[in-house]
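Spelled out from the first residue to the last, the chains are:
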Amino acid sequence: MQAGTTASKTLLQIQDLRIVYQQKNTFFTADQTVHAVNGVSFSIRQGESFAIVGRSGCGKTSIAMSALGFVKPSAGAISFMGENIWQLNRKDLRQLRPLIQPVFQDYGNSLNPRMTVNKIITEALRTQPNDRTQSDAVIQLLDSVGLDSGIRLRFPHQLSGGQKQRINIARALALNPKLLILDEPVSSQDLSAGVKLIELLNSLKQTYELSYLLISHNLSTVRLLSDRIAIMKDGVFIERGPAETLLQHPSDNYTKELIDASNLTNLSKTEQA
Amino acid sequence: MKRIVNIICSDKSLYAGSILIGIIIIFSLTGPLLSPYNYSSQNLSEALQSPSISHPLGTDYYGRDVLARIMHGGQITLGIALLATTIAVLTGIIIGLISAFVGGWLDRILMRLVDIMLGFPKLFIILLVIGMGYSSIGLIILFLAIFSWMEIARIVRSEVLVIREQLYIKSAEAIGLRRRRIIFIHILPNVMGTIIVSSVLLISTLILIESSISFLGLGVQPPNASWGTILTEGRIDPIGTWWISVFSGIFIIAAIIGFNLIGDGLRNILDPKFTENT
Amino acid sequence: MKTTHLIIVVCLVFALFSCDSKIKNIKQSSSETDTTEIADGGTLVIGVRSEPESLNPLTALSQTSRNIISLVFRRLADLNEDLTTFTPQLAKKWVFSSDSMNLTFHLRTDVLWHDNKPFTAADVVYSYQLQINPNVAWDGISYKANITSVQAPDDSTVVFAFHKKSLSMLMDAVEGYIVPKHILEHDPPEKMHESHFNRNPIGTGPFRFLGWKDQQTVTLIKNISYYEIGKPHLDRIIFKIVPDNLNLLTQLKSGEVDLVEGIYPKDFQGIVKNWDGGKSSVRPVSYMGRRYDFIGWNLIDPDTYQEALQNENTEITITDYIKPNKFFGSQKVRSALTMAIDRDALTNAVNFGMALPMNSPAPPILAAYNEDANIHWLYDPRQARKLLSEEGWIDSDKDGILDKDGVAFEFEMVTESGNVRWKQVATIIQDQLGKIGIRVTPRLVEPALLYGKMLPPKDFDAVVIGWVVGLTMDLAPLFHSSSFLTPFHFTGYYSPRYDSLDSASKNTLDPETAQKYYNDIARLLSYDLPYTWLYYRLECSAIHKRFKNVMSDKRGMYINPEDWWIPLNERNRTDKLFEG
Amino acid sequence: MISIILKRALDSVPTIIIGITLTFLIVHLAPGDPGIRFLDPSQPTEIQQVIQKRFGLNEPLHVQYWNWVKRILFHFDFGNSFYNGKPSSEVLRSALLPTILLASCALIFALITGILLGILAATRSNTFTDRTITMTMMFFFSTPAFWLGIMFLGVFSIQLGWLPSSHLTSLYHDQLNTIGRFTDYIQHLLLPVLTLGLPLAATFFRYIRSGVIEALRSDYILGARARGIGYKKILFQYCLKNSLLPIISLLGVIIPALLSGAVIVEVIFSLPGMGRTMVTAVFGRDYPIILAAGTLAFFAVVAGNMIADITYSIIDPRIRYQTRKNS
Amino acid sequence: MSLLTVENLSVINSSSGRSISILKNIGFSLNSGETLAVIGETGSGKSMLCKSIIGLLPPGFLCSGNIHYTSSDNTKTSIISAEKSDLLNIRGREIGMVFQEAAASLNPVVRCGNQITDVLSVESKIDKNKAKKQARKLLETVGLSEPERIFHAYPHQLSGGMAQRVALALALAGKPQLLIADEPSSSLDSITKKYYLNLLNRLKQENNLTLILVTHDVDEALSFADNILVLYAGCMTEYGRTGAIKKAPAHPYTKALLNIARALKEKDFPTPIPGEISSLTNPPSGCRFHPRCPKAQDICRLKEPPSIDISDNHSVRCFFPAETI
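Chains as they are written, first to last, in the numbering used here: chain A, 37 to 309; chain B, 4 to 281; chain C, -1 to 578; chain D, 10 to 336; chain E, 222 to 546.
No lab work stands behind these hints, which were simulated from the structure alone. For every residue, glycine included, the Cβ atom is placed at its ideal position computed from N, Cα and C. There may be inaccurate statements among the hints.
[To be verified] One side of the interface only, derived from the structure: several residues of chain A facing chain E at Cβ under 10 Å:
hint	residue
1	Gln199
2	Ala229
3	Ile234
4	Ser256
5	Pro278
6	Leu283
7	Ser287
8	Asp288
9	Leu294
10	Asp296
[As the list claims (entries may be wrong)] Some chain D residues flagged as far from chain E (calculated, every beta-carbon gap over 12 Å):
hint	residue
11	Thr24
12	Lys95
13	Leu116
[What the hints assert, rightly or not] Listed below are the simulated DSBU-like cross-link pairs for lysine-lysine, each with C-alpha atoms no more than 30 Å apart in a straight line:
hint	chain 1	residue 1	chain 2	residue 2
14	C	Lys189	D	Lys79
15	E	Lys396	E	Lys351
16	D	Lys95	C	Lys451
If we strip away everything but chain A, and leave its shape as in the complex, we get (with noise of 0.2 Å):
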């Protein structure tokens, strides 16, 4: 179920990362320094699929934005495909842009409202070259994330959880890309639907070569998707490993505690604020 990771090219690499943002003082309160990220390196190879597992606030959103392009790092390189994206200049930046795509947390607002399914996914198609017709290549997305081609029409307030969250899929893939962000990608959906999703981007990896970067709080579902896993608190990774090796051995306390919190049997009286 796991993809090969042998000697393959590395593909996003990241080194020293650190972020910091400044609350602007306001009408009631002074200025405010946060640092979300406080020195995060780790690399994800061609093919391979690299999860950061943190509770929420930790700053794992704040890398998968940065290495989007959306959020300014303070410090540090992103790299990918051996290019600093935050030295780009912006036209190199959209044309790298296609390689990396997000798949957020929040399916229904990162579908925009006023657009048919058919008319999101050919936005994404425009950058393209395209060899096929536009309808045809819309067909075959639809039907490469498992969706009917007569969902084409729909405005997304007119589709379910799981199908917005393929269309996002979709769109994603009609730009060819390397590396996927998925940003808790089955976490707000029922346990059945985030498991159809998940076998869904498995085989999604294996047919287009995909790597994932994936950001969960949730260690029983990025189980199911990872070959390696790095847990955050705080701004920085506390532990890393491949995901096999890290959930059968935690090293550390706060992994067995979320390893531990994913098993409810043994509800105890401890409890923490």
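Given chain A, work out where chains B, C, D and E should sit, using these hints.
Just chains B, C, D and E now, with coordinates in the frame of chain A:
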């Protein structure tokens, strides 16, 4: 077309407003073609007749047919309001977009300008400007527009700032689309609903302001007449010549109500916050 | 709100001649055969449209201010209805010196200022000094041009000395209210327009100033030490400021306001109908006023004239820089335009009967008026068209507009914005000239622009406005070539014959010769038509009928306010509340 | 808190400077000349010059502007009225009181009416009561103030004669006792306040009604109800406080609207206030008064905006702690 | 003793002009001190069930059947037909509720502490200081370490977990017997979620609460509840003791859900249920689960399945329930 009709029928106030405005527009545009009287031709021997069969809404001080004048006045009043609104809305959109996308000091300057312009009591400042002697129709339109674009600019700016942070715009950026395309194809259509609602409401505000200026004795010059100037002509003797001001007043109120209803209706349709069980 | 009265202030002309017989003055005022005894007390509420700007006779300009001032202040003597003789006021009597170069006034000695200081000859002298001080900028300064000095040999005698003999010497001397020296001597004259006195006047009149609530009321009360014993009868006069016409009339009907002047003819018609000999409580009062409306044509080409004005190096002489106006340069065209306007219909449409037709520069209230001397242009559009075609104005391109040498006969007719009547006149003329193929575009211009930037430099085509004439008349500022560069001479009319007639009429001391010259002037101007005279307006006022002994004539509404009174049984709530 | 208000006040300094400069330019660049009103062409030129000089209009524009600013800054003097020579401050002081009285009465009336009717209509949403109120309010929202004023005047003053048609007080006001004076004020203010207040009440009504309807459907109201909190408390404390927010943010717009409305209402009912002073000044080209009134109006609006901002952030804690991206 | 009895509860939404059946023939009873877990996928009508129990259905929703609640003083109330004032007495004081989105259920413009004192003062007219003290104590009880700070905080200043706890404190302020928790944990991360469930467990024991826990997490239900009610598209598919259901789920749907949960725990790859949940606006005929059911026969398409009692307190609505082992 069918879709538009369907939309109009889907909301009661939109339906009522559209019919009201439809009637007023048709009345103003086709009326003059059907009326036997010209809005400006005088017949001093028939001056100040109360409503009768030959003059359904009576005649004014010069023996002009009030009905014909109100029909003509409709063209002027609605024309002024619509043109000024168009100019104001276009200006507002452009400035709002510039402010949102360029940001920085330009944004700050533009928004300060908006603050300043909003700070002027609108009626007073237009009164001041027109009272100072700039009173041709073109200038009235211009000044109405100059003092009306700010709301639209503000709305566009703040909506754009919100929408720009939405994930679907982030997705569009991640696709690698050009900025122009993102602005005009992805962002603007999402702001359009609010803009349309505010524009329609702006039309009614401008009709109100135009008639208020005319009420104070400034405004459109003869032989042209807006509803406001017709109303004011009748105000010299509101009881003896009631038909002049009453009928033009009714049209002013009807037009304003009509546009307000349309605005409300559109808001009901476009903004789920305002949805009510109908 | 708007009272841009450009008052033609002129030297005395024909005040000596009286020709009442020719004017059908409307009969009015106190024909009451009331035998009840005159009762003191009561309040008169006068509704006015704008707030007075100053109650100082030296700085006041608006009609409202002047009306209030006329109640608070007194002159040495007042002009009688014949516009010739005078009634003594602060002066008991006056005598000319044997050579007629000096005029001696003997003052009353029983007059007190409202602050109970005695009135003396020093006040008269000081008033004169202020009146002629250019820093005070009194608007009647030209009356005093012929006076060389004013001296007070003692407290009750004042002597005026003149440059030259003239028929207007008495009027020149008495013009202007007397102001208190003991108060104004503390104010520098150049600060007169900001003086405390402007809002707290002290006079010698029958009513004294009590209080002024901004934008609301100015209250006067009875001067108990007025020199005419037993007068005034009214306790109190309140000027109530109600800018809105509808509101004002409403209050007149409801009795909240007792007296309103300057009522629109249409409204006046209604008041007359309701009155119908005493059926309603509001009595209409109308009298010959001093206002007439006209169309002024620009006889010269504005562009050439502008060029001449720009050219600073050149001394502008009339003959060098005048090119006749392409439309109105010709007398024939002007007479055609005059004939194409149905002036009777127009007069009625805008005045509802409250105006008289007018054909000449001399208004009917003036002695110089002689209707027979005027040329009467009757409404005749056909003749008008004929005259125009004789002048070459024909509709050659069949677009409905006359043209000549490729120039279409279309022009702008400017008038003052805010004046409903003039707007109506322009609108009617637009229609009537349109019928003979002339396109007129009425344009409402803000007064400041009209009287500041358009008329004085003669930068216009045609104008509809009106004049308020003084009690005497002089046409020189309007038509004499010596006034060519002055603001009122906006038509650019130039006629050597007029110039000589005008000078001749002024130089003669024989009234009959002068009248002959005047007839000639009237005939000449009514033929030349620099103006097309439209109508002469009657003043329309209304007063509550409980006020008795109210007189009014061409001098105005406030001829004898100290004689007005209210019978005891007709006192209203306001009267009673004030009494106790 | 005080430093924040000060900072906000400093922020508005450029606003005020630009605003009054603009007013100055509009006034002074207008065609025509105020002096003309006072110039009698038959007078000697020396008198004309005296008048020109008196108004300072013979100077170049930038000098006039500088003199004006200097006078304001160093002497807090806006100059004397061209019309009656009174200091502007005095003219405005006497005009300010009636306008404040009128505007605040109208505002209070509008708030009470708007809120009560808004809540009534919202709680009876889509019933006959709701529709009747909503339609009536739509009418008032759409009716020009002058039309409403004329109608009130026509019906209650002219036809029925119940209420006085002008001024703030009766002529015999000073003769009345305390109760009489109070009733006298009420009688005089009733129609103007209604004319000015009803359209405003309709505006408030629309916001309150939709706000309360929205709030009634919101989760926190559901939550409060689930906690067993009574209906009245929910309506008047929970819903109202939340639906008042948009109205507070409107305050910045309400002040100019009130000023504009006051122009019309004061003209119709002959009230001696700011609006009428402004109109008279505009028509009479009384530059110092126009400029002083404009400046004052501007200050009022800026202050209104400031108060709105501060009140808003006090009432809505979300604003207080949020990064304000938008300004 | 049965605290809450629900019989034949059906809810119809008629606000949009046509009638949509939201809930159909729900019936269960809950004894004092027990925990009931309601599980089902999104859109199965779980929240509507909670709202009908507390009598807060949105306008336009019609309720039929019976909901009987027995108060602490042994008076019985029918929630559906109760007077407004009676409902006010029950809400908060007898039945407390924590909403799905806890943060949204807090008034955004009132400090948390004041919201709690508001509830406290509904019950009895206690003086302000006492109420404040009590509110702080409540905040402590729900495991908030800085009650003083939270007391003065506004809802938007709280993290998700904190908001959830404040909402819980609010629900407990009226000292209810029955607490309804509507998906309290679905928006929390796994560690917070576990803390929260532990807290709930403790409070339940300390206050002898009866609990209705709504969740879509089968694991959570299994480890927490005494009884389980499975909803599918507004229909009750299975109801029974946790042990019985865990051991032998009778309905194919329950079985599938349990399978997924088990697989995740045992680190197998789970088998998802094919298809999507049926829509309520246009439900399939017969058994609503039949389009996704591996065992579906013709009869499932035609008829609504009857309720079959498998054992005491274990019923299922299916034509072909799995055999009890």
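Hints, verified against the model:
1. Gln199: holds (8 Å)
2. Ala229: holds (7 Å)
3. Ile234: Where the cut-off is 10 Å and the nearest Cβ of chain E is about 8 Å from A/Ile234, the hint holds.
4. Ser256: holds (5 Å)
5. Pro278: violated (14 Å)
6. Leu283: holds (8 Å)
7. Ser287: violated (18 Å)
8. Asp288: Status violated, d = 14 Å.
9. Leu294: Check passed: Cβ of A/Leu294 comes within 6 Å of chain E, closer than 10 Å.
10. Asp296: Holds. Min distance 8 Å.
11. Thr24: Check passes; 29 Å lies beyond 12 Å.
12. Lys95: At about 48 Å from chain E, D/Lys95 clears the 12 Å cut-off, so the statement holds.
13. Leu116: holds (22 Å)
14. C/Lys189 x D/Lys79: holds (21 Å)
15. E/Lys396 x E/Lys351: Since the Cα atoms of E/Lys396 and E/Lys351 sit roughly 16 Å apart, the hinted pair holds (cutoff 30 Å).
16. D/Lys95 x C/Lys451: Status holds; Cα separation ~28 Å.
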